[in-house]
Amino acid sequence: MRCTTLAILTASALSAQQSAVDAAGSYAAAIRSLGTFFLILLGLIFLIVIALALIPLTRRHRGIEQEPLEQTHQPSHGTETRLGTMVGIATAVTILILFGLVVASVSVGKSIAGPSTHANSIAVEITGNQWWWYVRYANLDPSRIVVTANELHIPVGRPVMIRGSSNDVIHSFWVPNLQGKRDLIPSRITTLWLQADRPGRYRGQCAEFCGLQHAHMALWVVAEPAVQFESWMTHQIEPSVAPSSPDEQRGKEVFLNSGCVLCHAIQGTPANGQVGPDLTHFASRMTLAAGTLPNNKGNLSGWIADPQTIKPGTKMATVPVKSEDMQPLIDYLESLR
Amino acid sequence: MRNSFAALALFAACVAASCGSSAKQNAAAITGGDPDRGAHHIARYGCGSCHAIPGISGAHGLVGPPLAGIGRRLYVGGSLPNEPANLEHWVRDPHSVNEKTVMPNLGVTARDATDIAAYLYSLK
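Quick note, the sequences are listed as chains A and B, same order.
Be aware that the first sequence starts at 1, since it is given in my numbering, and climbs by one per residue.
Be aware that the second sequence starts at 1, since it is given in my numbering, and climbs by one per residue.
Don't read these hints as lab results, they were simulated from the structure.
Note that this is a predicted model, so its numbers are computed, not measured.
All clues stand as given, with none of them false.
Covered by chain A, per the in silico footprint, the following chain B stretches (three or more residues, Cβ under 8 Å):
| no. | segment |
| --- | --- |
| 1 | 42–52 |
| 2 | 58–68 |
| 3 | 86–100 |
| 4 | 104–116 |
Covered stretches of chain A (in silico footprint by chain B; criterion: 3 or more residues with CB under 8 Å from a CB of chain B, positions within the stretch not fixed):
| no. | segment |
| --- | --- |
| 5 | 293–305 |
| 6 | 322–330 |
Every residue, glycine too, gets a C-beta built ideally from N, C-alpha and C.
This is chain A alone, in the form it adopts within the complex (with noise of 0.2 Å):
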């Protein structure tokens, strides 16, 4: 029973926080307004017009043999114009609601697009791949930038703008918990303000089909407390940690040696490969593959052996490791905090 709850309390850590009705910004908190003031006025008319056409349904016929109404009489002058004026009506009651559901949309979307001051917030730049996200927090001294992939960290209360572009095809930034989507489109930037005001684990994922791994192609945001975040980051900035055993060190010396190089970047060390994720700080992310897997030492070398079963077509080579090699790799791998 216990351990139900544990799995239970574990499978929704990792799943239940995407959601657009549980908002955690007031950006999203506007939205959702938004869509409840759709539900409930359109649920209105929805009834409304049922209603009316019921009630014609309900009335007795005066007889069967009648016939059709439109055969046998001319409509009355007065029935016309009364007709008329209903018709009328129902027109200017319609242009009146759409034109206030406009003024409501066009509200919300002003009130999503940004702070009003920019004082106080600070700048993501996030990039969307074939299936991953490369993310990198600009700072004017570039030894305080700091590089990562597919997890962005976020202080509470404060505006973070979002400047989204893609390297290869067209993806779409969401995080229902915070903001609504905004497409990253290759050569060109796009920007999102989001803010989170209670702290959590929101999922987000690329919300315009880009290719085949499109559905494992999710990132995680971390909203956390000034304090937290400052020191997130000041660790961030850190380069990698030195192999702590021999066995960490022979882990390190077949990563520098191996295909993995080409593509990975770790800091601190000569791998600055540039086509696949940074992983200088790998083992303080919480999944790995863009939140394919929880990150871990099993999954870990499933993903390193034999990455195409478990994300067919993912970009990441099947780079042939010694079997006697593994070990120490995915223990310097998971030693990167």
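With chain A held as given, fit chain B onto it using these hints.
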């Protein structure tokens, strides 16, 4: 006629159901572990990225052998006679059995290994 079919189906369902639970009971009795907890640990350690394991979500890996029917095999890890203590030993420290194996040591605790063995022996 229809009634006898229904009775047969019911009987088959009962047999299947009792088999399922008795396989778990047997596996628990042989190993002293809890198969349900074992399934949870298998998912938690990430065994499924290398092994196809019935009943574990997403466990379709092709790196290692599929683990269905592992209880009917004669050897585990290529050399150890298939018995609970050996299976647990293999799960916890495969390199002590075969230093060239690609199967990693995932730091599985003794208690977790017992539960994992219980789950694996409950597989048909």
